[in-house]
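K.L.:
If you're matching them up, the sequences are chains A and S in order. The letter at position 9 of the first sequence is residue 9 when you use our numbering, and the numbering goes up by one with no holes. The letter at position 218 of the second sequence is residue 218 when you use our numbering, and the numbering goes up by one with no holes.
Some clues are possibly wrong.
[To be verified] From the structure, some residues in chain A lie toward chain S, with a derived Cβ separation under 10 angstroms:
no.	residue
1	T242
2	V244
3	K248
4	L320
5	Y323
6	D350
7	L355
8	S359
9	D362
10	C366
11	N374
12	R391
13	L433
14	H435
For the record, the hints were derived by calculation from the structure and aren't laboratory data. Bear in mind the structure is a predicted one, so any value in this text is a computation, not a measurement. Don't be surprised by glycine CBs; every beta carbon is placed ideally from N, CA and C.
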Amino acid sequence: MPGLDEVSDIKSGGLKTAARHPVPKGEPILEMRALQKKYGAVEALKPASITFLSGEIHAIVGENGAGKSTLIKLLTGVIRRTSGEVYWCGKSVQLDNPHEAIARGINAVHQEVVLCPHLSVAANMFLGDEINSAGLMRKRAMTEAAQSVLDDLGFNLPAAAALGSLTIGQQQLVATARAAMRGTQFLIFDEPTAYLTRQESAQLFRLIRRLQGEGVTIVYISHRMEEVFELADRVSVLRDGTHVGTRKIGETNDAELITLMINRTIEQIYHKEHFPAGEVIVETRGLSGPGFEDVSLNVRAGEIVGLYGLIGAGRSEFALGLYGRHASTAGEVYWQERKVNIANERTAMDLGIALAPESRRDQGLCLNLPIGLNINLPVFGRLTRGLTINRQKEIENADRQIRDLKIKTPSRRVLVSAMSGGNQQKIVIGKWLSHGAKLFIFDEPTVGVDVGTKAEIYRLFARLLEKGAGIILISSYLPEVYELSDRLHVFRRGRLVASHDYRAASHEEVLTQAIGV
Amino acid sequence: MSAETVDSGTGPAPRKGVSILFGLTLLGLLLFLWLLLGLATNSFWTPNNISNLLRQGAMTAILAVGQTFVIITAGIDLSVGAVVGFTSVIVAWLLAAGVPLWIAIILTLAFGVLIGGFHAFGIVRMGLPPFIITLATLTSLRGIGLLITNGSTISITNEAFTNFSRADFLGVPSLFWMVIVVAIPAYVFLHLSRFGRYLFAVGSNSEAARLSGVNVHRTIYLAYILSSTCAAFVGLLLASRIGIGNATQAEGWELQAIASSVIGGTSLFGAVGSVHGPLLGAFILATINNGANLLNVNSFWQRIITGVLIIVIVYFDQLRRRGAR
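Whenever a hint applies, use it, and build me the whole structure from the sequences.
P.N.:
Have a look at this one:
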């Protein structure tokens, strides 16, 4: 790519020490040997050995939480491995910081663009590696160089425009061009087409093939089978942090890959008790709102209704809509067979809906406040007598939830930020147990939660059902919703596309419906 | 953690020991300054000077308490100085127009409520950053006040009103009693009522608060209305003290209030703060100014010393917090 070489010549950055094409095409360029990552007791990536060949496009597929992002972070030096080795061009390397990875020529393009929207396209492409002369930035030289790279890549993008004025897809292309400029030998794409239009995807694919043509090794992470088969030379499958196999693309098919992706062994932790389904607690008819459309479903007392789909399929948006966080645009909600208008969160709570939201950090908890305050937050009205809070009741309620849920803390006064993921999730749940509800919505209740706590949470579900509550369980982890749901609804692109009774469909069928192969 | 008080409940006082320690440290600093000035000057420990000091600190202290409510929600109220000047004009104008004293007082406080409501409206409905909306009223209110007075001052002839600020009760200046009158309900509100908890929750994570059924908008209205009403109350006290209404009075008091609050352990990132912290902060600042005057320190130096002290005190508070984590 002459354009790129020119740019590399202009610049004198210290990072691009990697020689071009250090390894002949088809030879191993990066080799993982028993690479492992543990977070505390949780094994995010079990010892995995994958070899990437120079100049290939190597797809990695797996469910959410299968360990794909852990793998990327390890290879780009964002996190440190627990054990194992990485060989780069035949030599053992540390890769324990991002600078080392970049200096060696390993780069990643993330699903969400992590650049500065207020700076120009050119400034972003040269960010951290600006062209200077006599200590001053040569803005015009950078704009020209950036423009020549963009033109050369066949992108019809203005280098002088602010990055934020472009679409997400165009920003993604800029991020890719940025990586391509930095003498990259090994480029990882993390679900790059998640937010792209068809046309933008096609443009990106052309760029990827072109980079491959120049000897760059591509790792392509995706949910979308059709893309994998269109692009990749080989594909590796991850499942629950385990590398379960690598196939040449010509020697496999999507059925095999999907089978590999799914954990077939039903773990003992899925504690499922069946209760006779009671009255209908809530029913939506054609409910639409921001991010979801025309959803009709109901939840009865004593049952778990599972919502499965990929991230961004509209499940959480539906939950927030039902909870009154966003106004619905069409459709109706019936609460115990009475039509209701849930205008805000308080209305939902007063009816008897509880929501443990998707993100503990952003939606669930006040992290820099004490556990006790978080647990009592929905019920301070009830704890107030006259002007002031009844201190005794406040303490009792917090301590009861801490005790009942076995939240491991020396005191209710400890800040939530000091707690582990599992304990934080229990605090979110404790909040809603103290409030009490007829319908509990659990959105990704076990993300970042250890296995023991998972099992506790599932047993808690049974306890709630026994008392006559209904549960909506949202999860991106198929075995979880599959094993726990009395009815399972599949969401894709904001719509409810399929419904199954308990274990009526196979994992493959459900996953296929979610992905939309 | 820091200067939040509260105690046995589940309020934001995770580390009771440290919290009280910080409060004591500030109190200790205040007493140390008093002791030092007592040794260094003959005039510090005179009834006159102490009364004077309490009067000087009183108004900043009340402003700082109101300001703290806002800062706990992760906001800021830059308008309080202007509100003080503006409301001093309002009360003088009303009295000059022959409005009975008690009605004038109530109307003036109502202006405070209105101004705070307007701030919250700008933040909640118009999506303006607190810094911007309160900066805008800071300049506009001074302008309106100057328009009303035509750039001059309105004298207050009501003696009952002007005598109030000079009066003592049980040997303590009435202005200082007003601090207590504000501080006790403020303490009950912030540390003992659910609305106080809501302020902390909104300042920590407004989305989580909202999903927990907290009326976030109402909480923000409450915070800004309380801040402006405290400022309007200080406007009354100031008008009483100087006997005039003048829109240019109280220039820069918003910064004094914010400084007092921050010295008192309030975090500008929200969700950390107390009522007693800003009170101590205000009197520490007042003591520094008072002492500098007694020691004949150039008033330009006073400003520099105040700035340095803000940095030192808040830096040590940060260190302590990091250590506590």
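K.L.:
For every hint, state whether the structure bears it out.
P.N.:
Comparing the hints with the structure gives:
Proximity of A:T242 to chain S is violated relative to the hint, the smallest CB-CB distance being about 35 angstroms (cut-off 10 angstroms). Residue-level restraint check for A:V244 is violated (minimum Cβ-Cβ distance to chain S is 38 angstroms; threshold 10 angstroms). Hint status for A:K248: violated, given a least beta-carbon distance of 47 angstroms to chain S, over 10 angstroms. Against a cut-off of 10 angstroms between C-beta atoms, the interface hint on A:L320 holds, since the closest Cβ of chain S lies about 8 angstroms away.
The restraint placing A:Y323 at the interface with chain S holds, with a minimum CB-CB distance near 7 angstroms, inside the 10 angstroms limit. Look at A:D350: its Cβ gets to within about 8 angstroms of chain S, closer than 10 angstroms, so that hint holds up. Restraint check, A:L355 versus chain S: the minimum CB separation of about 6 angstroms is within 10 angstroms; hint holds. With a least beta-carbon distance of about 9 angstroms to chain S, the hint placing A:S359 at the interface is held under the 10 angstroms criterion.
A hinted interface residue such as A:D362 counts as satisfied when its beta carbon comes closer than 10 angstroms to some beta carbon of chain S; here the least separation is about 6 angstroms, so the hint holds. Using the Cβ-Cβ criterion of 10 angstroms, the hint placing A:C366 at the interface with chain S is satisfied: the shortest such distance is roughly 4 angstroms. With 10 angstroms as the threshold, the beta carbon of A:N374 comes within range of chain S, its nearest partner Cβ sitting at about 8 angstroms, so the hint holds. This hint holds: A:R391 has a C-beta 5 angstroms from the nearest C-beta of chain S, less than the 10 angstroms allowed.
The beta carbon of A:L433 comes no nearer than 13 angstroms to any beta carbon in chain S, farther than 10 angstroms, and the hint placing it at the interface is violated. Restraint check, A:H435 versus chain S: the minimum CB separation of about 8 angstroms is within 10 angstroms; hint holds.
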